[in-house]
Amino acid sequence: MSTFLRRHGRGVLGLAIAALVVVAAVAAPLLVAHDPLESDFALGLKPPGTPGHPLGTDQLGRDLLARVLYGTRVALFIGICCVLLTAVVGGLLGLLAGYFEGWLGAVLMRVADVQLSFPFILLALTINAIVGLGLRNIIVSLSVAGWVVYARVVRGEVLSVKEREFVHAAQALGLGRARLLFRHILPNVAPSIVIVASLQFAQFIVAEAAISFLGFGVQPPTPAWGSMLSESRDYLYVAWWLAAFPGAALALTALGINLVGDWLRDVLDPRFRV
Amino acid sequence: MRAYLLSRLGQTVLVVFLSLTAVFFLTRLGGDPVLLFLPMDIQAKDLTEFRERLGFNDPLPVQYARFVGRAALGDFGESLRYKQDALGLVLERLPATLRLGLTALALTFLVAVPVGVLSAVRRGSAIDFLGMGAAVLGQAVPGFWLGLMLIYLFSVRLGWLPTGGTGGALHFVMPCVVLASFYAARMARLTRSSVLDTLNEEFVLTARAKGLAERIVIAKHALKNSAIPIVTLAGLDTGQLLGGAVITETIFAWPGLGRLTVQALLNRDFPVVLAAVFVFSVTYTLINLAVDLLYGWLDPRTRRARA
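Taken in sequence, the protein lines are chains G and S.
For the record, in the first sequence the residue sitting at position 114 is 935 according to my numbering, with numbers rising by one throughout.
For the record, in the second sequence the residue sitting at position 215 is 238 according to my numbering, with numbers rising by one throughout.
Hints listed in this document are in silico derivations from the structure and should not be mistaken for laboratory results.
Ideal Cβ placement from N, Cα and C applies to all residues, glycine included.
Among the hints, erroneous ones may be present.
Derived DEER-like restraints, expressed as beta-carbon distance ranges [stated by the list, open to error]:
(1) S:40 / G:987: 37 to 47 Å
(2) G:851 / S:40: 51 to 61 Å
(3) S:97 / G:840: 29 to 39 Å
(4) S:97 / G:1055: 23 to 33 Å
(5) G:987 / S:92: 48 to 58 Å
(6) S:115 / G:829: 46 to 56 Å
Pulled a few chain G residues facing chain S out of the computed Cβ check, cut under 10 Å [claimed, not checked]:
(7) 846
(8) 932
(9) 935
(10) 936
(11) 938
(12) 943
(13) 1030
(14) 1067
(15) 1072
(16) 1083
Some chain G residues flagged as far from chain S (calculated, every beta-carbon gap over 12 Å) [to be verified]:
(17) 831
(18) 833
(19) 848
(20) 898
(21) 921
(22) 926
(23) 955
(24) 1042
(25) 1085
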């Protein structure tokens, strides 16, 4: 029991937190009676514990619990979209660049160098400022800034996997390229893709919140944690709860995902470091 | 060594050139910013004249060629908002960002390396448990939220620290802690795993076998050999600290490059955006070069690999 806990304790805790977050997102309408956009000016800036509003209300009298819970949906939706997009596009490009080396690999790695000569958050922010605000554009911006990691990791793995004997054997048997790539090489690099995805997931959610916090990204009145925190700055002297709860929800979500990610990495590949 | 340095510097120039090109076309993609800077009731004639003056009427390749020609001489044009040389404006703000970033980096090292080493040496102890627990939390808590909570506690409630701006040493406290928290957490974890790896090496066994004090085994033999991953991460982080500064500077009204960049992006002040991109990517790639040179000193084996 104790060795199980030592090895999998973090994973269990992380999965429990992640399950909580998913339930909050899926069941938001069942858990709270208020609409996150319904304002009531007579009830503005009420502290936590106000009857009917357990976490209090914001400057427009909107229920904070409803906004935090619906914010979970926004955060998870953005995180999942970004992870899927970057894993598929980055993974595919990395696979091709590793297998065909040549000019494709060279161009791809040069693009990766350019992207990596920039802090991730600044890159995503710049792209977002230029392509425009809103939910769809923030997903695009984060994905464009984030695919490089997969491409690099997958390419590196493919370079070594394709020299292994079973690949040569499959080639000697006359297998087509597509079959070789997707049936024999892809399963061998899949654990790395899963690990990178789990590490990137929390990063995407936090980056989205940071970008929305700076005034780009998701715009009010959509209940996104980042823009809620941004609005809370004006009321920090009078309403601490507006800053405390959305941020705590964000930190808890990131913690859950990170714990699961660490655990996956330990279980799937102890040597892996990003 | 000389050839290696030259080729690396050549690569730096190429990377900076390519990133400027990418951002140049991105900014032109988003439409021209002229309308944002002129009054609502402007005449069409004045609009054309203003565009003409800034060169927005020329075909894109012409604009690009002109941009490259001038940028090579360090001229990114005039800020549309401040009517000042864009690069000058950016360079003026750079020292504030570097001061903040380097102080945060020092804080990161001072906290993370001792915590990581202690956690490794006393593996499974209360120190290990607390240290790593704090590190996992530190990685999950977003800096800008930590910043807000610190402002609420230390400025609003207790009145001990200023909410933002620059001035004395007190102004450094919260921005540095916020900037360092995430990186210190990651570095502490990496230090721990790196030291644990080294402690299993045979030369550590030898050092112990010949009767060296444990303190010396750790300090002289284990630590220097654990340093490579730590230095790599520190190098990567120094660059990322520049990115983190974008958010931290905005929260604490710190007059640095990050805040200037955010404002320039909000105002679509593209000359300043391009100048900031230039300075960011030059700084970042030079830091990476410095990190690679440090390897050679830490691990002579990598020197031969290059030749």
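The hints, checked one at a time:
A C-beta distance of roughly 43 Å is found between residue 40 (chain S) and residue 987 (chain G), which places it inside the suggested range of 37 to 47 Å. Roughly 55 Å separates the CB atoms of residue 851 (chain G) and residue 40 (chain S), a value that falls within the hinted 51 to 61 Å. Taking 29 to 39 Å as the suggested C-beta distance range, the pair residue 97 (chain S) and residue 840 (chain G) does not conform, at roughly 55 Å. Between residue 97 (chain S) and residue 1055 (chain G) the CB atoms are about 40 Å apart, so this pair departs from the stated range of 23 to 33 Å.
In this structure, residue 987 (chain G) and residue 92 (chain S) meet the distance hint of 48 to 58 Å, their C-beta atoms being roughly 54 Å apart. Range check, residue 115 (chain S) to residue 829 (chain G): about 53 Å between beta-carbon atoms, so the 46 to 56 Å window is met. For residue 846 (chain G), the shortest C-beta to C-beta distance to chain S is roughly 18 Å, which exceeds 10 Å, and the interface hint is violated. At its closest, the beta carbon of residue 932 (chain G) sits 8 Å from a beta carbon of chain S; the interface hint therefore holds under the 10 Å criterion.
Interface restraint check: residue 935 (chain G) against chain S, minimum CB-CB distance 5 Å, threshold 10 Å, status holds. Residue-level restraint check for residue 936 (chain G) holds (minimum Cβ-Cβ distance to chain S is 8 Å; threshold 10 Å). Residue-level restraint check for residue 938 (chain G) holds (minimum Cβ-Cβ distance to chain S is 5 Å; threshold 10 Å). Checking residue 943 (chain G) against chain S: minimum C-beta separation of about 5 Å stays under 10 Å; hint holds.
Annotation: residue 1030 (chain G) was flagged as interfacial toward chain S, and the flag holds, the nearest CB pair being 6 Å apart, inside 10 Å. Residue-level restraint check for residue 1067 (chain G) holds (minimum Cβ-Cβ distance to chain S is 8 Å; threshold 10 Å). A cut of 10 Å between beta carbons decides the hint on residue 1072 (chain G): the least distance to chain S is about 5 Å, and the hint holds. With a least beta-carbon distance of about 8 Å to chain S, the hint placing residue 1083 (chain G) at the interface is held under the 10 Å criterion.
Annotated as non-interface, residue 831 (chain G) brings its C-beta within 12 Å of a C-beta of chain S; the closest such distance is 8 Å. With a least beta-carbon separation of about 14 Å from chain S, residue 833 (chain G) lies farther than 12 Å from that chain, consistent with its non-interface assignment. The beta carbon of residue 848 (chain G) is kept farther than 12 Å from every beta carbon of chain S, the shortest such distance being approximately 23 Å. Listed as a non-interface residue, residue 898 (chain G) keeps its Cβ farther than 12 Å from every Cβ of chain S; the least gap is roughly 18 Å.
Residue-level check passed: residue 921 (chain G) sits 22 Å from the nearest beta carbon of chain S, beyond 12 Å. With a cut of 12 Å on Cβ distances, residue 926 (chain G) stays outside the contact zone with chain S, its closest approach being about 17 Å. Residue 955 (chain G), annotated as away from the interface, keeps every beta carbon of chain S farther than 12 Å; the closest lies near 14 Å. Against the 12 Å criterion, residue 1042 (chain G) stays outside the reach of chain S, whose nearest CB is about 20 Å from its own CB.
Against chain S, the non-interface label of residue 1085 (chain G) holds: every CB pair exceeds 12 Å, the least being about 15 Å.
The structure does not agree with the numbered hints 3, 4, 7, 17 stated previously, though it agrees with the rest.
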